[in-house]
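J.: Here's the letter readout for the chains.
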Amino acid sequence: MDKQIKKSAVSESEMSENAKSKLITSTKGLKTGGMVKAKSVGAMIADVVFIVLLLVAAIICIIPMWHVLMSSLSQGDDIYYYNGIALWAQGGITFESYGELFDYEDGLIWIGYGNTLIYVAGSLLVGLVLNVLAGYCLSRTSKLSRVMSLLCVIPVVFSAGQAPLYYVVNALGLTKTYFSVIFTECTMGMYMIIGAMAFRSVPAETVESARLDGAGHLTVMFRIMLPQCFSLFMVTVLFTFVSSWNSFIGAQLYNNGADEIYPVQLILQSIKEYSDHVTSAVNPRWERYPMQFAGIVVATLPIMIMLPFFQKQIESGVLGGAVKG
Amino acid sequence: MFLPVLLWLVVFHYIPLAISIPLVFKEYDQGEGLFNSPWSGWDNFKWLFTGGGAGSSAFLNALRNTCVLGLLNLTIGYIVPVIFALIVSQVRFKKYRRTCQMISYLPNFVAAVVIVQIMQNLLAQNGALTTFMSNVFGMKKQDWVNVNQPGFWFWYIAFGTWQAFGYGSITYISAISNIDGTLYEAASIDGANRWQMMWRITIPCIMPMVIMLWMLQIGLVFKVGMDKTYLLYNASSNAEYCDTLFSYTMRMTMGGDLGLATASSLFQSIVGMALMVIANWLSRKAAGVSMF
Chain C
2 MDKQIKKSAV SESEMSENAK SKLITSTKGL KTGGMVKAKS VGAMIADVVF IVLLLVAAII
62 CIIPMWHVLM SSLSQGDDIY YYNGIALWAQ GGITFESYGE LFDYEDGLIW IGYGNTLIYV
122 AGSLLVGLVL NVLAGYCLSR TSKLSRVMSL LCVIPVVFSA GQAPLYYVVN ALGLTKTYFS
182 VIFTECTMGM YMIIGAMAFR SVPAETVESA RLDGAGHLTV MFRIMLPQCF SLFMVTVLFT
242 FVSSWNSFIG AQLYNNGADE IYPVQLILQS IKEYSDHVTS AVNPRWERYP MQFAGIVVAT
302 LPIMIMLPFF QKQIESGVLG GAVKG
Chain B
97 MFLPVLLWLV VFHYIPLAIS IPLVFKEYDQ GEGLFNSPWS GWDNFKWLFT GGGAGSSAFL
157 NALRNTCVLG LLNLTIGYIV PVIFALIVSQ VRFKKYRRTC QMISYLPNFV AAVVIVQIMQ
217 NLLAQNGALT TFMSNVFGMK KQDWVNVNQP GFWFWYIAFG TWQAFGYGSI TYISAISNID
277 GTLYEAASID GANRWQMMWR ITIPCIMPMV IMLWMLQIGL VFKVGMDKTY LLYNASSNAE
337 YCDTLFSYTM RMTMGGDLGL ATASSLFQSI VGMALMVIAN WLSRKAAGVS MF
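If you're matching them up, the sequences are chains C and B in order. With positions in the first sequence counted from 1, the corresponding number in this note's numbering is that position plus 1. With positions in the second sequence counted from 1, the corresponding number in this note's numbering is that position plus 96.
Calculated directly from the structure, the hints in this document are not laboratory data. Mixed in with the good hints, there may be bad ones.
Mimicking BS3-like on lysine-lysine, the simulated pairs with C-alpha atoms at most 25 angstroms apart in a straight line are [to be verified]:
#1 B:Lys319 x B:Lys142
#2 B:Lys191 x C:Lys313
#3 B:Lys381 x B:Lys319
#4 C:Lys313 x B:Lys190
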């Protein structure tokens, strides 16, 4: 029996000769006895070590963000002169910096916030429509679908960069409008291919029977197929949401100078500059220094709170991308 | 039904691609417009590589930094996620494991603007990380994001790795959980301990995937998220070590020099594609897996 298991283990794995001999020697060790007890203690130590290692990694991931949160709740001069990681608010918890932040330039942060919401909503809407349409067309087996998927993939591999795109956006008269960012950043070829994968996952019989009942392309797509595979589209929705929330390049490039439609990320830049400047004054208004941290918290917290609910989608998005290259 | 998609692709990808040719080979003058601007041959490319008689070329400097950062990313930035995946797979408590995994994804979703501000804060002259490193390792106390020293590269990669390792480990964790459980059972009946199982089963089983993804990553060296360098760039303090192809192109575009920006992007795309084809070929030869 022992031999049989050993045989199957070796044949199934890609173990080297060396590994086999190691296994055999360890089997001998087991037979001599006295190893069972030692192993269990060792296993427990190993368990603890790995748990601690994982905890350390998680702490490293979270601590810079915690530092920012605590800095935003600190007294300005205390946090400015404190040169360690702020594990707790320096000089006692205060919300002064948030008050300063919301008052800054008549609530500039909220204008930025509103703009970001417009960019995000627009990108989500346009992106979803394009992804669904492209996904449906790519998923159908027709002569054109190969050409269409090629058209979607080429931009992923080869692009002429920002400058010609800027020229086109400018020529279309989209600069200094919300549309410049929405249209250029709403989707990409990768998401269209994920869309095609989503539509392919719907069983062909369902589509066929709907067709026989006289349903057209649009009905089949929106009423029959989309409800069945929408969970797969959630991945593209989630990634578009995060990337357009975090994006600043587009607004910086196309809407440069149009402050009234800056997204919150660009507002953060100006807040940082302003609040760093405060410290060099003769009589610094210290409560304005942690404003930059408060800004980061306000702009980042929604995403950080939202993400844990989408762990599955994040993982399936990565794996779907990896499968397809 | 493909029409809206086609329209979007043509307007925002294929027309820019077509326009890049006159942009690159003309002396683009905003006042005259693209069509009236005179043709200038390869001048834009020549300018990139010679710096237009200014002595040193900012483009070549950016190219060097891109290569160095890309290579560091391919080594340090590539090993850490694999190690993290191995650690995660060794922890048995599922809830605890999932929670830690979720926390490790978070930095990847933080905006570039915020990451850069955190870097500037922690690595300032009296910042927390600078103080810590100078106390523990005796590193110099200085503003590490604003130095013309290779130390800048180190910190850029350290933060890049910090940001991406959890997210990058997803693929490996899934690969490890897909390894046939009977292998471990058989090994444990044979008395193999955890180290032996990790070295003899887990690592050999995910190795082909690690190698394949690494080689595919070579093709993306030029494309890795360098938008942070655009934000970190400071002409007077860290230009020599911070400027990358991305930040160079972005600055040229913002400055209205579309010809140079396009030349730089095209160079980036063409070399990147060549690298990708080579990497793909390598991956097919070595691991039998390829992208196209």
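J.: Against this structure, judge whether each hint is valid.
T.: Hints, one by one, checked against the model:
1. B:Lys319 x B:Lys142: holds (23 angstroms)
2. B:Lys191 x C:Lys313: It holds: about 14 angstroms lies between the C-alpha atoms, which stays within 25 angstroms.
3. B:Lys381 x B:Lys319: Distance of about 24 angstroms is within 25 angstroms: holds.
4. C:Lys313 x B:Lys190: Holds - the C-alpha atoms of Lys190 (chain B) and Lys313 (chain C) are around 14 angstroms apart, at most 25 angstroms.
Going down the numbered hints, you'll see the structure goes against none, and every one checks out.
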